[in-house]
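Asker: Here is what each chain is made of, one letter per residue.
2 protein chains.
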Amino acid sequence: MTTIEATAEQVNTQPVVEQLIAHTSSEMEAVNELLLSRITSHVEMVPEIANYLISAGGKRLRPMLTIAAAMMFEPKNSQHISYAAAVEFMHTATLLHDDVVDESDKRRGRFAPRKIWGNAASVLVGDFLLGQAFMMMVEAGDLGALHVLSRSAAIIAEGEVFQLSKANDLNTNVDEYFEVIKAKTAALFEAATEVGAMAGGANDAQREALKAYGAELGIAFQLVDDALDYGGLSGTIGKNIGDDLREGKMTLPILHALKHAPEQDAQFIREHLGKVDADEAIVSRVAQILQTCGALKATIDRALDHAARAKSALEPLAGLNGADILIEIADYCVERAS
Amino acid sequence: MTTIEATAEQVNTQPVVEQLIAHTSSEMEAVNELLLSRITSHVEMVPEIANYLISAGGKRLRPMLTIAAAMMFEPKNSQHISYAAAVEFMHTATLLHDDVVDESDKRRGRFAPRKIWGNAASVLVGDFLLGQAFMMMVEAGDLGALHVLSRSAAIIAEGEVFQLSKANDLNTNVDEYFEVIKAKTAALFEAATEVGAMAGGANDAQREALKAYGAELGIAFQLVDDALDYGGLSGTIGKNIGDDLREGKMTLPILHALKHAPEQDAQFIREHLGKVDADEAIVSRVAQILQTCGALKATIDRALDHAARAKSALEPLAGLNGADILIEIADYCVERAS
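Heads up: the sequence lines are chains P and H, in that order.
Numbering follows my numbering, in which position 12 of the first sequence is assigned residue number 1; successive positions increment by one, without gaps.
Numbering follows my numbering, in which position 269 of the second sequence is assigned residue number 258; successive positions increment by one, without gaps.
A few of these clues could be false.
Pairs involving identical chains hold if they fit within one copy or between any two copies, as the list cannot separate such chains.
Claimed, not checked - Here are the simulated SDA-like cross-link-like pairs (lysine to any residue), alpha carbons at most 20 Å apart as the crow flies:
1. K248 <-> N162
2. K104 <-> E92
3. K104 <-> D91
4. K104 <-> D87
5. K104 <-> A156
6. K65 <-> E18
7. K264 <-> G107
8. K248 <-> H261
9. K155 <-> E33
10. K264 <-> N157
11. K155 <-> I105
12. K155 <-> E37
13. K155 <-> G107
14. K155 <-> P36
15. K155 <-> S30
To be clear, the hints were calculated from the coordinates, so they are not data collected in a lab.
The task is simple: from the sequences and hints, build the whole structure.
Answerer: As structure tokens, then:
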């Protein structure tokens, strides 16, 4: 426990991710090759769109987690490579569909694919990537891992529908918010680390530990994302800030403010939530309200709590190859917000 | 051979489908129960949208083919029920996504779900159904069948992207058209009969026969659909007629007419292809051109050819339980057009 915390405190953001990248680099090279080989198609739009998202930007955090989880043990074959690639395809398919669902103009700082190739192509190439993800899982040949990954695909979609049905719903409560982020984000993190553990040959307890780690990390990650959508703790208003406000997403910062901000401020939020044309001045004012009433800090505090749970889930595995890096990654996921 | 053709000639449309329905009814009851149990969710939009498509309309042709294929042998467990349900979910997911892609207003004579619940919900509930389909396949526990079905999911999506990229492309050729329909339609028919055979315990030759039957039947089915979109041989202009024209789909009737119709008529088609606001008068005129230049007859002739291939693929299996019904279904798929 003491060792873990000491390690975590020494960390600053950049080196941890670089450590994870270095730790997984030779395996990730195989993952990238597999990804590229599975998007080849004589139908040009398929590799064009997939490449646009896969080759550029993106931290590849989820597949790196699968690889790192497997590397804690002794992967006997290349199953972990297939699962990591499948996880990345599932994530990419979700991004393509999310952009259509949210009518987003930007993705990873560039135009969203739907702005270049249209909604139709985004939906269909997403479906293609999902199909390829399932094929790769099937080829890896483990029904147990297939169950984990196919279940997460259904859970993610159900969570996204739940989020959609709760858009602009002022009666949304905190439990419902957590249900949404557990499904739409944490389910894939959880599956990513669990199938990594399975491919590595983890025993049941080790697999459960990595599964719990992934789930908690995913929750922390999404909480931070939801704070960052209003500028995070530093209040940096950059690109795409305020998308959640315009889309009427009932994220924790909003739920907190609706309850704890002065009535006049809460009223301002209610007025502008879900208004697609909310301009920069309005978004800045909302971000300021969230800052002032402590909503962003409360959100980050919850993220810290889940990051701590992620770390303590891994405690029994401390000492295994790369465990220290995964433990530090939990801090990194939250530090993005400051 | 003579017996088969004699049987086919005695048939009229309604009784064959009714025969298939009666033949598969007790198994299909289990399929329907499974379908309904797998769309339950506290997220209300999920069962609402899924039910809207699954409970109403729809012939359930594909899952019936899976069941009928399995019943030719001796299914030892309920795998064929799971596969039939998975095939129907894959089909339903495709319908939901296709409506978004084609911006369709109608589906099975009613409003398309996207007109009631929106594009976002249609995309996401489609994803949910795909996830459930994969879960059911995984639970059935046969990696071979999983490979067949996951491969078809990727092929279908790739075919749909190819079709999209060929929209309004006057250089599309007949080979490309067949590539599209083999992928977007025949791949699921083929997988439906193949996994049915696998679940039934067919040997390799029998499985290949049913796979070939499904593929040929699917091609015939889509050719007829493409003729029906311009009124079919009877020239009945009903609801949704002309959608393919407005969407710029390069279907065989259009390809035939562009090549064989008098230049003035071909020019009329070129002018109106892909125009979303093409009104009833324009659609009627195009349908008349397709009728006059023999494009619809040529399309139905190709469908008859593939239906014949479907039947001859099943010849070695004649005498097995329900083989006669599947043979007649091939005729039914084409007779819809007259």
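Asker: Hint by hint, note whether the structure agrees.
Answerer: Here is what the structure says about each hint:
1. K248 <-> N162: within (10 Å within a copy, 62 Å between copies)
2. K104 <-> E92: both (9 Å within a copy, 17 Å between copies)
3. K104 <-> D91: Cα proximity of K104 and D91: in one copy and across copies (12 Å, 17 Å).
4. K104 <-> D87: both (13 Å within a copy, 19 Å between copies)
5. K104 <-> A156: Classified as between; 18 Å across copies, 23 Å inside a copy.
6. K65 <-> E18: The answer is within: 18 Å in one copy meets 20 Å, while 44 Å across copies does not.
7. K264 <-> G107: Classified as between; 17 Å across copies, 23 Å inside a copy.
8. K248 <-> H261: Only inside one copy: K248 and H261 sit 16 Å apart there, 56 Å across copies, limit 20 Å.
9. K155 <-> E33: Cα proximity of K155 and E33: across copies only (11 Å, versus 37 Å in one copy).
10. K264 <-> N157: within (10 Å within a copy, 36 Å between copies)
11. K155 <-> I105: For K155 and I105, only the inter-copy Cα distance (17 Å) is at most 20 Å; the intra-copy one is 29 Å.
12. K155 <-> E37: between (34 Å within a copy, 16 Å between copies)
13. K155 <-> G107: between (26 Å within a copy, 14 Å between copies)
14. K155 <-> P36: Answer is between: at 16 Å across copies they meet the 20 Å cutoff, but 35 Å inside does not.
15. K155 <-> S30: between (38 Å within a copy, 15 Å between copies)
Comparing the model with each numbered hint stated earlier shows that all of them hold.
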